[in-house]
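We have chain G; now place chain F onto it with these hints.
2 protein chains.
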Amino acid sequence: MYEKNLTMLADFYEFTMMQGYFLNGMHKQVAVFDLFFRKNPFDNGFSITAGLEQAIEYIKNLKFSEVDLDFLRQKGIFREEFLEYLENFKFTGDVYAIPEGTVVFPHEPLMRITAPIIEAQLLESALLNIINHQSLIATKAVRVVNAGAGDKIMEFGIRRAQGPDAAIYGSRAAMIGGCASTSNVEAARRFDLPLSGTMAHSWVMSFTDELSAFREYAKLYPDSFILLIDTYNTLESGMPNALKVFSELRDAGATPHLYGVRLDSGDLGYLSKCVRAMLDEAGFTDAIISASSDLDEYLIANLKAEGAKITHWGVGTKLITSTDCPAFGGVYKLAAEIDEGGSVAHKIKLSENPDKITNPGIKTVFRLYDRKTGKVKADLISLHDEVIDTEKDLTIFDPVSTWLRMTLKGGEYFIKDLLVPIFINGECVYSSPSVMEIAEFSKQDQLTLWDENRRLFNPNLLPIDLSEKLFNLKLEMIFEFDVK
Amino acid sequence: MYEKNLTMLADFYEFTMMQGYFLNGMHKQVAVFDLFFRKNPFDNGFSITAGLEQAIEYIKNLKFSEVDLDFLRQKGIFREEFLEYLENFKFTGDVYAIPEGTVVFPHEPLMRITAPIIEAQLLESALLNIINHQSLIATKAVRVVNAGAGDKIMEFGIRRAQGPDAAIYGSRAAMIGGCASTSNVEAARRFDLPLSGTMAHSWVMSFTDELSAFREYAKLYPDSFILLIDTYNTLESGMPNALKVFSELRDAGATPHLYGVRLDSGDLGYLSKCVRAMLDEAGFTDAIISASSDLDEYLIANLKAEGAKITHWGVGTKLITSTDCPAFGGVYKLAAEIDEGGSVAHKIKLSENPDKITNPGIKTVFRLYDRKTGKVKADLISLHDEVIDTEKDLTIFDPVSTWLRMTLKGGEYFIKDLLVPIFINGECVYSSPSVMEIAEFSKQDQLTLWDENRRLFNPNLLPIDLSEKLFNLKLEMIFEFDVK
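As you go down the protein sequences, you meet chains G and F in turn. Reading the first sequence from the start, the letters are residues 4 to 487 in this note's numbering. Reading the second sequence from the start, the letters are residues 4 to 487 in this note's numbering.
These aren't lab readings, by the way, just hints derived from the structure by calculation. Here the structure is a predicted model, which means the values were calculated and not measured. Accuracy of the hints is not assured; some may be wrong.
Which copy is meant is left open, because identical chains are indistinguishable; a pair holds if it fits in one copy or across any two.
[Said to hold, decoys possible] Subject to a maximum C-alpha distance of 25 Å in a straight line, what follows is the list of computed DSS-like cross-link-like pairs (lysine-lysine):
#1 K155 with K78
#2 K31 with K222
#3 K63 with K7
#4 K276 with K307
#5 K42 with K276
#6 K375 with K395
#7 K66 with K7
#8 K63 with K395
#9 K276 with K359
#10 K31 with K7
#11 K78 with K222
#12 K312 with K378
#13 K419 with K378
Next comes chain G alone, as it looks inside the complex:
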């Protein structure tokens, strides 16, 4: 088993700030933090949020041990009264979040934490770590799966993942993104995922000859076996030996559920065509061809376009590390403070870069769907207590190019509030679906997008707007600072 407590997975400044709030008597001041990102990775048309289950576990398990407190004590800057506070630390706030697998867009709060500032501050780095990682890999997986256009994508990344967690949670996220299976036994055990695998070169090399290696493997796993045919020479040794074994099994009346070969080097396009022809000629039209070797969505799309005869793709390094964009830029920003009487002070972070100016206030995200097609028309980031009457016309506008306007006719659209309650007053009120349920939900949710939004390159971008009320609040706050 694999249990852990990540209470100390925090940046040091979180502790110095927490003590600051504590000693200044500010620690009970309620703060609202948003966890959001500013840009889709890979210039994708959307992202997939993932990691909420682990974020929940993290919050539930928050507890400082004596070892933790001793470590902090030794730093010589923390007062005993603050360490005592930590000893009894418990998260008492509210968390709202967008469920895992949901299609999400820049600037939308994926999580909204409302809690005494001393508590909310502690959560920053760990929540970002968890959500950033899994959202990144889930989004990458969606791209690889879409490039496969119905083929099976097998997640093969343990050996190149950035540490054990990156392999385990990366595999989880890859399944949320639509992979058909993983080779990661620990991830499969923990999250009940479909497993797949073939054989390694060492299996072939540990026999005196390739034919014996293939024969023994097929004998052991007659219902499902994939022979790795490139240890010595794919077309001149691997294929003839594989065909011999397939023939022997056919002669013996075997009817495997899944059998075939794996290509792991050489030109996968060319080899797959040769191999397909050899298999078909020998009557093994149902034998599958799988491939691995530095694959990603770009190479898979290319190979498919040139007619490669591969239907099962083992994707390792470039999926599990998200090679061409290995970080999801989620941030955690203060949006409001609530005083004891319940009145809200909006907070904004300014910047010379307009995209880095935060959206103030307690917010939610309304997704607007076309009633006829069920497709998404736009998202509207709004103040959390705004009410939209869907029987009335709704005019929305781009928050940068404000002349870009769209009116949804009353009665022709419906809305969904994306944020759902996860913790209320420190109690978890949410039960995470299984990973395969999340994957199915995500698949359906992606179908509410238009094909144009799902393109690999240069996708059409849906309007992600601010409600008029939020837009005006933001402008006012920016002007107010300018005047100072």
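Only chain F this time, still in chain G's reference frame:
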């Protein structure tokens, strides 16, 4: 605390192959596997090996639980006798490895595992995961540290790391690579690392004004405080307020050990020069300027070249994910088998790509140093039982361009066998140094390189050759396959 067992962190094919070896009665056959890589990441002139301590823990903790075995049983393809074998699984073999922090090169065995093939096969994916990750981040850190040219590099990556382990072990590896400190409290606690941190925008925003936020922080941590000055406007708000606080403290007679400001947005080069001038003019010549914001070795080198006045660099995303090359391509390949009488069968994996042909046999790495300067002349990958008489001349040659030859004069060089025993007959015989000891060792080891090898771009590459005996063995084996 944070305890874990990674026994099931394996690719599924490892279990199907293990059962294959077991049922074929091959499982006691002793195999020799090499863990090596084929290319330095970032086109660096060398790499740093790291992660051995975690690899050792992993091997020591190997133990299948009932839950693990039940999971495998449910797959319906594993026989009870094999599951019983797993129940009593224990690693009984030998492991040799190159100690952490050592400068290493492509094709050198970083680890050599000699064990019954069924045991050695299980270790493949987890060892690769651990060594690949930490070696990658340690090597990246060396580059960032070298770009800093004596400045302090602070590791700030938790929030963008690929999961909790990537943050924790990534921080460990970054320190091995020469970072001065980390912001990661869990990593610091676990590995006794120097911590550093400043403040977040939320601290500043949670006060009614910036000046109060700065003043309170400085009052709390008078010995060491860095003020984040970009929440509203770096030069027009942050700096005047910071100077006010510095002056107040000076007037009160305070003598902080470390104080200064942090830039986190805008043009760091320009701002740092303005800020330095403002600090100096006010007499705060000892105040430091730190910076963060998507930094990496390229940007740091550039900023330093243009005269930026930054001496403390907080490096997050691009170090902890190794953005421009997020995977270290380590592989685990069968090199030999040893029968009960002790005779060795060499194993080779062929490929159309010459760089992918493995080096057969039980090998070690001799590092050849110039006696006068102590600098490395070359590495020689050799069969493990070769003896080099350093009193005699030694001629070495490039294994590809064999006409490239170099003769080391007898008496003018000395050698070091890089691989040291870690496990013997399943017992760990090695005690890992502390992370900071490894970091110091690595710093010294890097000084045995020439400046030309350590360049950020287009470094000079040291000769990494094969011994004549190993070269001839490899050629013979390639020709032998050709004839077949």
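How the hints compare with the structure:
Taking the closest pair of Cα atoms, K155 and K78 come within 25 Å of each other only across two copies (20 Å); inside a single copy the shortest separation is 52 Å, beyond that limit. Taking identical chains as interchangeable, the C-alpha atoms of K31 and K222 lie at most 25 Å apart only when they sit on different chains, with a minimum of 21 Å there against 67 Å within one chain. For a Cα distance limit of 25 Å, the shortest separation of K63 from K7 qualifies both inside one copy, at 12 Å, and across copies, at 19 Å. Proximity of K276 and K307 under a CA criterion of 25 Å is satisfied intra-copy only: 11 Å inside one chain copy versus 53 Å between copies.
Within a single copy, K42 and K276 get their C-alpha atoms no closer than 39 Å, and across copies no closer than 30 Å, so neither meets the 25 Å cut-off. Taking CA atoms no more than 25 Å apart as the test, K375 paired with K395 passes inside one copy only; the shortest distance there is 16 Å, against 87 Å between copies. Within a single copy, K66 and K7 get their C-alpha atoms as close as 11 Å, and across copies as close as 18 Å, so both meet the 25 Å cut-off. Neither within a single protomer nor between protomers do K63 and K395 lie at most 25 Å apart by alpha-carbon distance, with minima of 42 Å and 67 Å respectively.
In this assembly of identical chains, K276 and K359 lie within 25 Å of each other by CA distance solely across copies; the values are 23 Å between and 50 Å within a copy. In this assembly of identical chains, K31 and K7 lie within 25 Å of each other by CA distance neither inside one copy nor across copies; the values are 28 Å within and 36 Å between. In this assembly of identical chains, the alpha carbons of K78 and K222 lie at most 25 Å apart only when taken from different copies (17 Å versus 62 Å within one copy). In the homo-oligomer, the alpha carbons of K312 and K378 never lie at most 25 Å apart, since the shortest distance is 34 Å inside one protomer and 53 Å across protomers.
Proximity of K419 and K378 under a CA criterion of 25 Å is satisfied intra-copy only: 12 Å inside one chain copy versus 67 Å between copies.
The earlier numbered hints that this structure contradicts are 5, 8, 10, 12.
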